[in-house]
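Each residue of the sequence shown is one higher than the one before, starting from 19 at the first, in our numbering.
The set of hints was computed from the structure by calculation and includes no laboratory data. Here the structure is a predicted model, which is why all the values come from computation and not from measurement. By construction, the Cβ of each residue, glycine as well, lies at the ideal position given by its N, Cα and C atoms. Mixed in with the good hints there might be a few duds.
Below, simulated SDA-like cross-link-like pairs (lysine to any residue); rule was C-alpha separation at most 25 angstroms, straight line [as the list claims (entries may be wrong)]:
hint	residue 1	residue 2
1	K46	T80
2	K81	E71
3	K81	S24
4	K82	T98
5	K39	S69
6	K22	P91
7	K46	A34
8	K39	P75
9	K39	I63
10	K46	M19
11	K39	L85
12	K22	S50
13	K81	T98
Here are the computed distance ranges between Cβ atoms for each label pair [said to hold, decoys possible]:
hint	residue 1	residue 2	range
14	N60	G31	17 to 23 angstroms
15	G43	T80	32 to 38 angstroms
16	Q73	K22	22 to 28 angstroms
17	G31	M72	18 to 24 angstroms
18	E57	V96	36 to 42 angstroms
19	E94	L54	24 to 30 angstroms
20	N51	G27	18 to 24 angstroms
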Amino acid sequence: MVAKISTGGNMFGALAYNQNKVDSGEAKVLFSNRMLLGEDGNFSIGECMRSFEMQMPVQLSTKKPILHISINPHPEDVLTD
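Starting from the given sequences, assemble the full structure and let the hints guide the process.
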């Protein structure tokens, strides 16, 4: 497995990155907790932003509050069901 860990201060950027992967079929949402869904039952960046804003403190003093961890198989690994 190959892990990539990154931090940042832009929630929208992290959500847009993930949503683009889902929209293109490269990724799936495996689990969510306390996330708003759109009327069609799917995630949207706007609903996800609202979900996170409801959970984050109003006066956030952390410079890089966003943690993104991507875990992928090594390119030489062969995956099976």
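Does P91 lie within 25 angstroms of K22 when you go C-alpha to C-alpha?
holds (11 angstroms)
What's the verdict on K82 and T98, does the C-alpha distance respect the 25 angstroms limit or exceed it?
violated (37 angstroms)
Would the hint linking K81 and S24 be met if the CA-CA limit is 25 angstroms?
holds (14 angstroms)
Cβ separation of G31 and M72, checked against the hinted range 18 to 24 angstroms
At roughly 19 angstroms between Cβ atoms, M72 and G31 fall inside 18 to 24 angstroms, so the hint holds.
Check whether the Cα positions of K46 and M19 lie no farther apart than 25 angstroms.
Given that 25 angstroms is the threshold and the Cα spacing comes to 18 angstroms, the pair holds.
Tell me if the beta carbons of Q73 and K22 are separated by a distance inside 22 to 28 angstroms.
Distance hint for Q73, K22 holds at roughly 24 angstroms.
Holds or violated: are the alpha carbons of K39 and S69 at most 25 angstroms from each other?
holds (20 angstroms)
For the pair supplied as a hint, K39 and L85, is the alpha-carbon distance within the 25 angstroms limit?
holds (17 angstroms)
Between K22 and S50, does the CA-CA distance stay at or below 25 angstroms?
Within the cut-off at roughly 21 angstroms; holds.
Tell me if the straight-line CA distance from K81 to T98 falls inside 25 angstroms.
violated (41 angstroms)
Assess, step by step, whether the Cα of K39 is no farther than 25 angstroms from the Cα of I63, and give holds or violated.
It holds: about 12 angstroms lies between the C-alpha atoms, which stays within 25 angstroms.
Look at the Cβ atoms of G43 and T80 and judge whether their distance stays inside 32 to 38 angstroms.
Cβ of G43 to Cβ of T80: about 34 angstroms, so the range 32 to 38 angstroms holds.
The structure fails to meet hints 1, 4, 8, 13 and 19 from the earlier list, while all remaining hints are met.
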